[in-house]
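> Residues per chain are reported as follows:
Protein chains: 2
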Amino acid sequence: MKIDPESSADFSAQIAQSIRGAIVSGDLLVDQRLPSEAELADQFAVSRPTVREALKRLAAQSLIRTQRGATGGAFVNRLRFEEAYDQQVTTSTLLLSMNSVSFDVACEARFALERSCAPLAAKRRTPDNLATMRAEIHRQSQPGLTDEAFCASDVTLHRALVDGAANKVLSYQLAGAVEAMQPLMNMITFTARSRERIVDMHTELTNALEAKDAILVDQTLIKLETYTRDLGHSIATANPVRSKKQLKKASSKRKK
Amino acid sequence: MKIDPESSADFSAQIAQSIRGAIVSGDLLVDQRLPSEAELADQFAVSRPTVREALKRLAAQSLIRTQRGATGGAFVNRLRFEEAYDQQVTTSTLLLSMNSVSFDVACEARFALERSCAPLAAKRRTPDNLATMRAEIHRQSQPGLTDEAFCASDVTLHRALVDGAANKVLSYQLAGAVEAMQPLMNMITFTARSRERIVDMHTELTNALEAKDAILVDQTLIKLETYTRDLGHSIATANPVRSKKQLKKASSKRKK
DNA sequence: AATTTTCATTTGTCTTACATATTAATGTCT
DNA sequence: AGACATTAATATGTAAGACAAATGAAAATT
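Protein chains in written order, with this note's numbering: chain F, 929 to 1184; chain P, 929 to 1184.
The set of hints was computed from the structure by calculation and includes no laboratory data. Hints are not guaranteed to be accurate.
Heads up, the list lumps identical chains together, so a pair's fine if it works in one copy or across two of them.
What the hints assert, rightly or not - Taking lysine-lysine and the DSS-like style, the derived pairs with C-alpha atoms no more than 30 Å apart in a straight line are: (1) K1140 with K1151; (2) K930 with K1051; (3) K1151 with K1051; (4) K1151 with K930; (5) K1096 with K1151; (6) K1140 with K1051; (7) K930 with K1140.
Construct the complete structure from the given sequences, taking the supplied hints into account.
Okay, here's the thing in structure tokens:
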């Protein structure tokens, strides 16, 4: 294990890359303990703080976890779907907000992905999935619901649909698409979105899913997409330049 | 800006979370300079190494970049699609390899996602996309091609198809799915996969795309999925327990 | 005016030290 | 002998101070 002193990159970055490679390639297995920080410092011929910076980089990607104490140390972490979700959502959200992705493009991607699991969901949806969706629809119908709660409920419903496909990999991939869209969706919810129409379509969607009618599910999703994108267009026309401040406000509101 | 000394989490993790929140919420804008490490250490009332560990965590997620020198410091990084790709691929790859995701499930997810951009690609594919695909097909037909090169070419072809949808968000989401499958695909390529049949289907796929025949594109992808999954089943039956070592070897071979 | 020099600022790294968490071994008491 | 407290060892977490190196801006020089 060596690093290149001539490289332009930081030592800590090089060390992190080296260890990351060992994990990805399988040289380091799940739950395996890495050498102690002092040993790593020796092996890489750097100081302990430098090694620590490298380990923190890996910890930030959930590749390792650390434990204090006598039998402690850094261990290769089993990357769980839950953690991967979070990173995916964070990354996707920033990607959208920092790259001036149009509402239209994001929307198109979101529904294309969601529709991709519609046939599977129609086949495999459980009573549990349906119950979740109906519960959210009921919540969405209540008049006193805040805008943020309505949005959160919307996400939960669509997540239930995605989970209906009973494919963890799909659910993971979709999480980013659905959640990252939320800030952009809020932009609309706080203005023109008609809850009644949304609830109607959600009901239609759930019914189609219950009937295992894949085609109808797909059509309903298309309808929902069309409605959403039309709303986006009308907003863009009425108020083409929306300030970052407003967007930010709408985005932060949904946090619990 | 404060942290909780009573919290179970590390200071560096708390500080990173705090700054991450400021970036995600929009309090810190792209290219904005963070306070110097010394100033941050003051503000959070911790030492400089602790602040540095926090900053390295953020750097690992591409949320900030650092620059040395008089006007240097840490700056909020504009997250680019390219960087996001890489993280997605790394995360997805580890997720698959660490969670005993069956080939079948991964395959189903991959093709479901890929098919989701087929209609868009059929509509928007450029001559460029088609040229890339045909070039890869030609490469795949050459007898002397190594297995690794064939796999890489396969990925390039499918990426061209995805890019044909002309939706950056879709391309980003799909990157993880396609690339992360590669190690699992190799498991098959190095054994039973018939290049001839694959090339035939790739050709059919490209022709359908050129003809803007969305339905035929979809059907061909289904055919490809069926063939791939059948192969997976036959492998599983013939050689149910495949050693980690073999997988690792197949996986590392594809790197350039 | 152009060029060179100096200098202040900031990150990158090292060294040393101490605090704290955790386990294992040891010792003590019943 | 067994249960419990003590101690020691090992590891990460944090702090403090120092120097190196990069970088850009200001000052000095030609």
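> Against each hint, give a clear statement of whether it holds in the structure.
Status of each hint after checking the structure:
1. K1140 with K1151: Both: 18 Å inside a chain and 23 Å across chains, each within 30 Å.
2. K930 with K1051: neither (52 Å within a copy, 50 Å between copies)
3. K1151 with K1051: Result: close both inside a copy and across copies, 21 Å intra and 20 Å inter.
4. K1151 with K930: neither (57 Å within a copy, 47 Å between copies)
5. K1096 with K1151: both (26 Å within a copy, 23 Å between copies)
6. K1140 with K1051: both (6 Å within a copy, 29 Å between copies)
7. K930 with K1140: Answer is neither: 57 Å inside a copy and 52 Å across each miss the 30 Å cutoff.
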